[in-house]
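Starting from the known structure of chain V, fit chain S onto it as the hints suggest.
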Amino acid sequence: MRVMAQMAMVMNLDKCIGCHTCSVTCKQAWTNRSGVEYVWFNNVESRPGQGYPRTYEDQERWQGGWVRTRRGKLRPRAGGRLRKLFSIFANPKLPSMGDYYEPWTYDYEHLLSAPAGDDTPVARPKSLLTGKDTTVTWSANWDDSLAGGNEIAAGDPVLRQVSDRVKQEYEKAFLFFLPRICEHCLNPSCAASCPSGAIYKRAEDGIVLVDQDRCRGWRMCVTGCPYKKVYFNHRTGKAEKCTFCFPRIEIGQPTICSETCVGRLRYLGLMLYDADAVAEAAAVEDEKDLYAAQRSVFLDPHDPEVAAAAGRAGIPDDWIDAARRSPIWDLIVKYEVALPLHPEYRTMPMVWYIPPLSPVVDVLRDTGHDGENAGNLFGAVDALRIPVDYLAGLFTAGDPAPVRAVLNRLAAMRAYQRRVNLGEPRDESIAAAVGMTGAGMDDMYRLLAIAKYEERY
Amino acid sequence: MAGGTDGAERALLAFGGLVRRAEVSPDGRALYQVGGREADAFYRDRWSYDKVVRSTHGVNCTGSCSWKVYVRDGIITWEQQQTDYPSVGPDRPEYEPRGCPRGAAFSWYTYSPTRVRYPYARGVLVELYREAKGRLGDPVAAWADIQNDPERRRRYQRARGKGGLVRISWDEAQEMIAAAHVHAIATYGPDRVAGFSPIPAMSMVSHAVGARFLSLIGGSMLSFYDWYADLPVASPQMFGDQTDVPESGDWWDASYLIMWGSNVPVTRTPDAHWMAEARYRGQKVVVVSPDYADNVKFADDWLPAQPGTDGALAMAMGHVILKEFFVDGRTPRFVDYVRRYTDLPYLVTLDRHGDGYRPGKFLTAADLGETGAEAAFRPVLWDLAAGAPAVPNGSLGHRFGETGVGRWNLDLGAIQPQLTCAGGTPVTVALPRFDGDAPAVMHRGVPTTTVAGRLVTTVFDLMLAQYGVARPGLPGEWPAGYDDPAQPYTPAWQEPITGVPAAAVTRIAREFADNADRSGGRSMILMGAGTNHWFHSDTTYRAMLALTTLTGCQGVNGGGWAHYVGQEKCRPVTGWSHLAFGLDWSRPPRQMIGTAFWYTHTDQWRYDHYDAGVLASPLGRGTFAGRHTMDLIAQSARLGWMPSMPTLDRNPLDVADEALAADPENPAAHVARELVDGRLGFACTDPDAPENWPRVLIVWRANLLGSSAKGNEYFLRHLLGTDSNLRAAETPPDQRPHDVTWRDDAPEGKLDLLLSLDFRMTSTTLFSDIVLPAATWYEKHDLNSTDMHPFVHAFTPAISPPWQTRTDFTAFHGIAKAFSALAKDHLGVRRDLVAAPLLHDTADALATPGGVVRDWRTGEVDAVPGRTMPKFVVVERDYGAVAEKLAALGPLLDRLGTTTKAVTVDVGPEIEQLKSINGTVRGGVADGRPRLDTDVRACEAILLLSGTTNGRVATQGFEALERRTGQRLADLAREHEGKQIRFADTQSRPVPVITSPEWSGSEHGGRRYSPFTINTERLKPWHTLTGRQHFYLDHDWMQELGEELPVFRPPLDMHKLFGEPRLGPKGELELTVRYLTPHSKWSIHSEYQDNLIMLTLSRGGPTMWMSEVDAAKIGVADNEWIEAVNRNGVVVCRAVVTHKMPEGTVYMYHAQERVIDVPKAETNGRRGGIHNSLTRLLIKPSHLIGGYAQLSFAFNYLGPTGNQRDEVTVVRRRSQEVQY
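As they're listed, the protein sequences go chains V and S. Letter 357 of the first sequence, counting from 1, is numbered 356 in numbering that gives the first Met the number 0, and no numbers are missing. Letter 275 of the second sequence, counting from 1, is numbered 274 in numbering that gives the first Met the number 0, and no numbers are missing.
Everything labelled a hint here was simulated from the structure, so no lab data went into it. We put the CB at the ideal spot given by N, CA and C, even for glycine. Do not take every clue at face value.
Derived pair list, reagent style DSSO-like, types lysine-lysine, alpha-carbon separation capped at 30 Å [claimed, not checked]:
hint, chain 1, residue 1, chain 2, residue 2
1, S, Lys50, V, Lys451
2, V, Lys131, S, Lys1159
3, S, Lys900, S, Lys816
4, S, Lys1112, V, Lys171
5, V, Lys171, S, Lys1065
6, S, Lys1065, V, Lys451
7, S, Lys1159, V, Lys125
Going by beta-carbon spacing under 10 Å, a handful of chain S positions derived as facing chain V [claimed, not checked]:
hint, residue
8, Ala38
9, Pro89
10, Asn514
11, Pro732
12, Gln734
13, Val1108
14, Lys1139
15, Arg1153
Chain V extracted, bound-state conformation (with noise of 0.2 Å):
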């Protein structure tokens, strides 16, 4: 056992109200100069739709993550270290522009200093690349809130994958929001597609970092990062990535798009895992098992033999204090209401997420079922706006039965805190039927729904 800890971050996407405010705050901060326009360390996907790079999740045509060899071993799907000396010169495995989108501006001057003519002066666009008008074709949240219906949602990976029906209609419509950065991975994929050594974990804290002295701009950890969250500066010929806000953690404060969440939506924490045990994990025989896997890599704060071993390897113990206090682990371990993003990609990605709760969809409700009520709801969770198979195609590899155990939980908790909120009886059967105890619950409400900054972070 090798003793190592891991900043990580869960996000309650029942919560996320798709506002992009995270998104905004990260790109004034970090990414609002010449050479990174187009790049959002954090962007925000509406679902169903594409993504932003878009069909970044279609691994089959942009060869990012890991995959299992037959002898049991894990190679990058673009391949190693040695195939992409032969190749480094020519990368074909990268999103174009028009796969971000090219970003532009207007020529706002005009307005001011267009000379008397016949008609209202107006900005038109102008592309940041090359100077010149130009037409908007794609941004960088085109599909927000199921614009383009449809024609661009059919080009959804997970929608693919889930169904062959993929038409969608007025009345049977279903959406959430899907806030991304890096996944700072136990396993990360770009490190390893990395020729110059330049992308690196931080042993402290897990956090992935390029290394911008060393960088020599292979643009390989592009291809290699399935979540395409490495990016390349056009103008330093660098890559960049999300940092975690590492200069913020270090003082103590939360990374921007988590302060900044107006959805109150995201937890920081600490999470201690087994280092020596990662590569085993992530190279189980199924799929489906990944998120099982990942989750036997953490080790428990609270273990003193655990704690032994993390003062052994370095660890302070006002870190492993906060391991011990960490919502990451109550959210992942203790309540189990986290799940990881796409965990087949075999990264061990470190930013997991409490799926949708969504209402269940009218031909049931008219039947009698109503959200409000446990009894009715675990009957009819398959039957919810969202697909549950879509859930399981982003966190859990396709397998609905932990999708289903979270929705169950939460579902749970709403009609147990309701009982509470009416002034009735507390009614332990509610959450013994998902198997929590009612204290339970209410630690887990004061966590999801109170959420207090201080028990955010």
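Using the frame of chain V, we list chain S on its own:
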């Protein structure tokens, strides 16, 4: 990081001492490294700053979020939300962090190329002015010389909006502005100068300084809340209050929440978390919305009602609630509530109508023989205890005058109100219905009794008849059951109208009421623009508010209505209003209803083809028949109901001189005689006469032409006199007004001067004659509050105003000085005749007994100023002293105190204190007065004079109210009697306000704000006729419209009214659709819609959302260019095709301007317009009522709404080759 934050820091410092090392994992897959300090210096350097300053965003948005503005090397770098709001309690979420992506992108404007850095003016005007001044020497003479030459005047007017702006100096700009003001005042009168600036709460001083300047010179401030159609007219109608709503933290207290026409995540972004989190308390969430809006994501139930049919849905829910909770079963809580707090038990007389009856007027104490002016304002109910009629305390008749002292309260004493006359004689009443092609009549029975010789029933009995809830033994046509589609207002009846299944309506209504019963009134409806921006929204809202009121949810934390569109709560309202309207120097100020002003002066009335009679009830007396809307506006003005600016057809300075000469003791009587005799007229009866045009318009903190100007093209043509895309034809002679002069040549170019102050280029600055460069919200001091949270917090400059920009405060003081210098000689000291309407919350509200309309012009009644016509008040204007008065607190407050909502407070101690804090003026007209010469000093004055921010003032106000009500109230504020919130407090942290009689809710002991809790808990009456919440409105005009009771009125039929195509396809290439303009995700009104960050996160320019079904009908693919055309104008934009939209409706999200990526239209080869190019104003007569109880004017409280949602448009795919 929980608890480990300091630890993390220490730990990392320890690590920092280690030698940098890198370690490769055994399998070679990962590289671990400690630190990385050198290589990552770039990011450390990026994350560094010199200071962080607290500020916020000062208009448009009502979020009132406090922000950290980061500054480095004197440059604003970025902003993030503050998280230091005082806690709202351990068991609930907090307000942190408040903000949204738009606010987070604000600093982009600071250094953006759209920033206005210097004063600009239209080049052609500057040339004309310099030439004339060179020739004549005097600025006023030069300005007059241009104005008096039609050719030169038209030359610069026609250049408006077409480029050619040139830089000028501040001095020259101020001189031109001052000259324009002096010329307009001298030639036409001060009421020909108008100012527009909305939403004072968001930056109180920036608003107040301009309004104060205008008020001091006698100019007209234009209302905005009604103009925006954000005013829910149902609120004054039912509650006698403008709008008072719960803070968003109170959503947490609700256990059942309906979001109805309010897309909370998009339009209340910083508050949305309360809703998301309250679900975890088991709150049930229902959404009513025609599209799959962002908030549907959170809903347990989605009722996709067709646009504009919400009233039908609400009426059907009311049917279920009345039937199940009042008739089939009697829910004690509900019955008790409606007896105490609503007009349901009050008696209404029945008038003969054909074979039966129709509802008449409230029975009052006057009918019982009581004498005195107040008797007609003391309605009557039947007391079960005494077996006799009773006159409960708390009505309007107890609010003013000696006989009501100590009796204006809701204490029923021994009275047991009888809710129904059940058992009495049944009669049939006729009630109107409007759900079919033409208005029709329903006949339904009510039980009656006879009191004082009058046949009466109760409001409750009428409600059951109206809603179609049958009871045994009553005659008439009744629904056979919920599944009866033929009879209003059953669930089955609404299904074909709204598209919502009847069963769903029944279930939601039942759940809503059941929850209210089980939770003690904690069912809430969050409502907004989607239901409030329609022509008939007042009826829709009354039907919705019936649900929260019948179930006893109003005045309960976690319950009741929560109206969120355009609402803004200037919590320190008293200080702001007295400063803004110059009430410390002269009263009354000139205030105007925005909608009527624009309707009149943009000549939209010339294009109104319909007879107001089409809106009337089939049971009406024909009051509106054959009359044009403009006729009704004129009547409302002459009866003193609503203000009218410009008021008279002559300069009010001259009228004052003449009246004082003719009748020095009673000049008002002279004016009344002149009006009666026709020697003097109201300007609104000949609005196109040059002497009746508005001449100067100042727009600040606003983007009139890019945002709120419904009928944008009418503005451009008639008010500004430049090119427009207007396509409508004028009204033919037989449909024109009778009482208003029609001039064959419609004026083009009424304004001499359009002046705007802004920090960015908008559709308004593009069309302005002079544009002054404003400081942004991060460059000034000011104050900010909202109804969404209970705090007051500050603006603080992060940097000084850059380039030649100035704060609004500095700019207006500069204008005032330039004006005073010219005015001293050109105008001197004058007397000004101000016509003031009959005001709400004053004894004026007793002007119209029974709401019976009598017009002095037809001789039905005498012309009595302040009773049957406006008040006429002579005010002295020392025009040379305007700048001095602007910068000091005047002496009137010493004598008159402050008054808000009829509560007067002696602020002597505050004035003395303010002298100490701000210092005093030495010399001049303001010698010895407290100084208001800086923005911070103005902030201190606002805070000190208001009860919410000064505990002594709040306590004294409650004590005054205790004398009137006889109820204990002052304890609500006494806990903070010694507390004063000073400006520095608001800079250090948001500060919770103090419970004050300025508002209706209590925050005593730190509870969440919910409106009307003081009414329900302390028995303080509502400001209505009965003092209770009103279901029944008995004014003549309400009866004429058939809207005495909640009723469903569908969207207007634009085909019938204006000949627009019927909805649906029109050949293969065109489609006629409903045209809605909801609020956008990427802007707050027009602000941020031009912001590069917001444009990058969306579609990069103007768009229209349409359903895949509609797009297919006309062959439009996503992101293709389309053109939308109707009689009002033309829009060119791109299509967003999506399955989340319903068929038959398009959304063009509100306030997408013509400044960004708008090409020329195929229709006419000119630049496409803004979203409001397709809309126009339509005025509902009931909004013009005044002088009667809660239906009395107050600024932004009551007035016609500038609604726009009933509109339709033709949409077609256009050539994809666009030209700019």
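Looking back at the hints listed earlier, which ones does the structure fail to meet? Those not satisfied are hints 3, 6, 11 and 12.
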